[in-house]
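Please put together the full structure from these sequences, using the hints given.
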Amino acid sequence: MIRLEHLSKFYGSGQSAVAALQDVELHVPEGSITGVIGVSGAGKSTLIRCVNLLERPTSGKVWVDGQDLTCLDEQGLRKARHDIGMIFQHFNLLDSRTVYRNIAFPLELMGLDKAAIQQRITPLLELTGLTDKRDNYPSALSGGQKQRVAIARALASRPKVLLCDEATSALDPQTTTSILELLREINQELGLTILLITHEMEVVKSICDSVALISDGRLVETSRVGPFFTRPGTELGRAFLEDFLRIEPPRSLRERLESSAPDKPHPIVRLVFNDENVSSPLISQLAREFELDISILQARIEDIQGHTLGLMIAEFRGSPHQIQTALAHLESMQLTTEVLGYVE
Amino acid sequence: MSSSMMTLIGQATLQTLYMVLISGLISGVLGLALGLALYTTRPGRFLACPPAFLIISAIVNIGRSIPFIILMVAIVPFTRLIAGTSIGTNAAMVPLTIAAIPFVARLIEGALNEIPSGLIEAAQAMGASPWQIMTKVLIPEAKGGIITSFTITAVTLISYSAMAGAVGGGGLGDVGIRYGYNRFEPVIMLITVAILVIMVQGIQTLGDQLVKKASHK
Numbered sequence: 034m035i036r037l038e039h040l041s042k043f044y045g046s047g048q049s050a051v052a053a054l055q056d057v058e059l060h061v062p063e064g065s066i067t068g069v070i071g072v073s074g075a076g077k078s079t080l081i082r083c084v085n086l087l088e089r090p091t092s093g094k095v096w097v098d099g100q101d102l103t104c105l106d107e108q109g110l111r112k113a114r115h116d117i118g119m120i121f122q123h124f125n126l127l128d129s130r131t132v133y134r135n136i137a138f139p140l141e142l143m144g145l146d147k148a149a150i151q152q153r154i155t156p157l158l159e160l161t162g163l164t165d166k167r168d169n170y171p172s173a174l175s176g177g178q179k180q181r182v183a184i185a186r187a188l189a190s191r192p193k194v195l196l197c198d199e200a201t202s203a204l205d206p207q208t209t210t211s212i213l214e215l216l217r218e219i220n221q222e223l224g225l226t227i228l229l230i231t232h233e234m235e236v237v238k239s240i241c242d243s244v245a246l247i248s249d250g251r252l253v254e255t256s257r258v259g260p261f262f263t264r265p266g267t268e269l270g271r272a273f274l275e276d277f278l279r280i281e282p283p284r285s286l287r288e289r290l291e292s293s294a295p296d297k298p299h300p301i302v303r304l305v306f307n308d309e310n311v312s313s314p315l316i317s318q319l320a321r322e323f324e325l326d327i328s329i330l331q332a333r334i335e336d337i338q339g340h341t342l343g344l345m346i347a348e349f350r351g352s353p354h355q356i357q358t359a360l361a362h363l364e365s366m367q368l369t370t371e372v373l374g375y376v377e
Numbered sequence: 006m007s008s009s010m011m012t013l014i015g016q017a018t019l020q021t022l023y024m025v026l027i028s029g030l031i032s033g034v035l036g037l038a039l040g041l042a043l044y045t046t047r048p049g050r051f052l053a054c055p056p057a058f059l060i061i062s063a064i065v066n067i068g069r070s071i072p073f074i075i076l077m078v079a080i081v082p083f084t085r086l087i088a089g090t091s092i093g094t095n096a097a098m099v100p101l102t103i104a105a106i107p108f109v110a111r112l113i114e115g116a117l118n119e120i121p122s123g124l125i126e127a128a129q130a131m132g133a134s135p136w137q138i139m140t141k142v143l144i145p146e147a148k149g150g151i152i153t154s155f156t157i158t159a160v161t162l163i164s165y166s167a168m169a170g171a172v173g174g175g176g177l178g179d180v181g182i183r184y185g186y187n188r189f190e191p192v193i194m195l196i197t198v199a200i201l202v203i204m205v206q207g208i209q210t211l212g213d214q215l216v217k218k219a220s221h222k
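Sequences listed follow chains A and B, in order.
Residues in the first sequence are numbered from 34 upward in steps of one, following the numbering used here.
Residues in the second sequence are numbered from 6 upward in steps of one, following the numbering used here.
There may be inaccurate statements among the hints.
[Stated by the list, open to error] Listed below are the simulated DSS-like cross-link pairs for lysine-lysine, each with C-alpha atoms no more than 27 Å apart in a straight line:
| hint | chain 1 | residue 1 | chain 2 | residue 2 |
| --- | --- | --- | --- | --- |
| 1 | A | K147 | A | K166 |
| 2 | B | K218 | A | K112 |
| 3 | A | K193 | B | K148 |
| 4 | A | K147 | B | K218 |
[What the hints assert, rightly or not] Reference listing, derived: stretches of chain B covered by chain A, where coverage requires no fewer than 3 residues with Cβ under 8 Å from a Cβ of chain A:
| hint | stretch |
| --- | --- |
| 5 | 114-124 |
| 6 | 142-150 |
Because the hints were derived from the structure by calculation, they are not lab data.
We put the CB at the ideal spot given by N, CA and C, even for glycine.
Okay, structure coming up:
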């Protein structure tokens with residue numbers, strides 16, 4: 034539905050040109066929710082603004098619904114934009130218009146008459162739960178309600194694609210959850226393709242099917258959300274995951290960790306469990322079969338769209354040989370193990 | 006005070022109102038258009054056109070830097086061309102309008118600058134044309150600021166119109182100078198000043214109320 038080909042964007046020209054995007058390739062299949070995640074300044078905002086050509090790429094092509102937007106003239110582009118909805122971090126509602134008239138705005142731009150506009154807006158008010166707010170002005174709404182209005186407005190023109198530019202970054206956690214649920218619902222009920230950018234793993238975790246990791250204007254990793262959370266393929270992916278899961282040995286232990294020392298025989302191991310093994314009693318099995326003493330330092334279970342991800346940091350005590358065999362056994366059980374270091 | 010004096014002051018009041026109203030309306034419309042041009046052609050905006058912006062901006066600055074009394078005299082040939090004469094109320098409206106246009110334009114530009122750029126971006130993302138952005142986003146969103154601009158302009162026009170009186174433009178300024186100042190009649194001077202104060206108060210109050218009504222913040 035959306036395909037970015039060799040997309041590059043430079044600001045300035047010649048020697049002083051700054052690259053915001055470099056050779057970006059991205060495919061967002063019809064009906065999917067794809068998230069682009071990156072730190073601020075990585076280029077994600079430029080990327081999403083290139084999709085509806087709010088930002089014109091320096092080179093490369095932008096295909097939306099089989100049409101190369103970069104080839105269109107002004108009028109063609111305006112028409113194409115009716116098929117691309119967009120919501121923003123700061124909502125961008127018109128303060129001089131009521132909720133109803135904000136939602137009517139894109140329809141007025143398209144030249145629909147009053148009756149047709151009303152016909153379209155009524156179900157949108159219901160979908161977004163704003164029926165009783167229709168005559169309120171944005172100043173009387175909470176952040177979450179404003180974003181709902183923005184979503185209804187973006188949907189009014191019946192777009193095929195919805196672009197979400199940090200849509201939940203200005204909202205509190207509960208409101209974020211309800212907005213994400215609404216987006217998920219829209220995706221499933223209307224079959225709308227969604228491309229979102231975010232710096233929050235929580236957003237990727239709760240609604241995305243696929244995720245693309247952006248760094249310094251380049252996409253460094255593209256993956257389904259499940260594998261991304263269990264085995265990220267890049268250093269940056271791991272850093273994001275780690276930051277999200279916030280699981281690491283306690284500070285007091287970290288200070289004592291040695292990367293390898295023959296006189297410090299006890300490994301600190303991080304275990305990542307997935308669907309297949311998260312519910313098996315592995316720790317007690319290891320203790321019995323390999324005569325190990327295992328002390329669990331930290332553990333956590335995450336539910337990622339029906340997939341379970343378990344994380345644990347544990348200290349293994351026992352004979353070095355038995356520990357090695359135990360770790361090999363865990364690997365054979367499809368667990369991801371990583372020895373973080375050794376302690377006395 | 007004689008009844009002929011009262012008639013004179015009454016007529017002068019109407020003349021002042023007439024001058025302010027007509028020159029206010031014309032300069033309001035033209036100033037709004039020029040303000041929109043300044044706003045939209047500024048580099049980085051959606052109709053960015055640096056040469057046009059620089060030219061309009063320079064003209065506006067020149068217009069605003071010429072003292073009104075000098076402008077009035079300087080454009081006498083133009084005034085004659087438009088109004089057919091260079092003295093009287095109708096003639097005074099020409100320099101009043103010319104002086105007010107750049108003034109309004111800068112005020113309007115300032116009001117438009119207050120609009121968050123995200124709103125224009127959102128409208129563009131929805132496929133709005135430049136004209137639609139102007140009529141459906143810029144003007145409605147800046148309505149409060151635009152009304153404030155018009156209020157300030159109307160008040161300024163009242164004081165300018167009094168100056169126009171000095172060179173035969175009619176109106177309250179004319180009466181004040183001829184009777185109050187030259188003939189040293191303090192009562193007439195006080196009355197004309199009092200009427201001018203009431204007019205300014207009235208316009209300011211009306212403007213404030215309209216702004217309040219227009220604002221949904």
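Does the alpha-carbon distance linking A:K147 and A:K166 stay inside the 27 Å limit?
-> With Cα atoms ~19 Å apart, A:K147 and A:K166 stay inside 27 Å; holds.
Holds or violated: B:K218 to A:K112, with C-alpha atoms at most 27 Å apart = Violated, at roughly 35 Å.
Given coverage of the stretch 142-150 of chain B by chain A, tested with a Cβ cutoff of 8 Å and a minimum of 3 residues = holds (count 4)
A:K147 paired with B:K218 [C-alpha distance capped at 27 Å] = Holds, because 25 Å separates the two Cα atoms, which is no more than 27 Å.
Annotated coverage of the stretch 114-124 of chain B by chain A, confirmed only when three residues or more have a Cβ within 8 Å = holds (count 3)
Can the restraint linking A:K193 and B:K148 be considered satisfied, given a maximum Cα separation of 27 Å?
-> It is violated: about 34 Å lies between the C-alpha atoms, which goes past 27 Å.
Violation of the numbered hints given earlier is confined to hints 2, 3; the remaining hints are satisfied by the structure.
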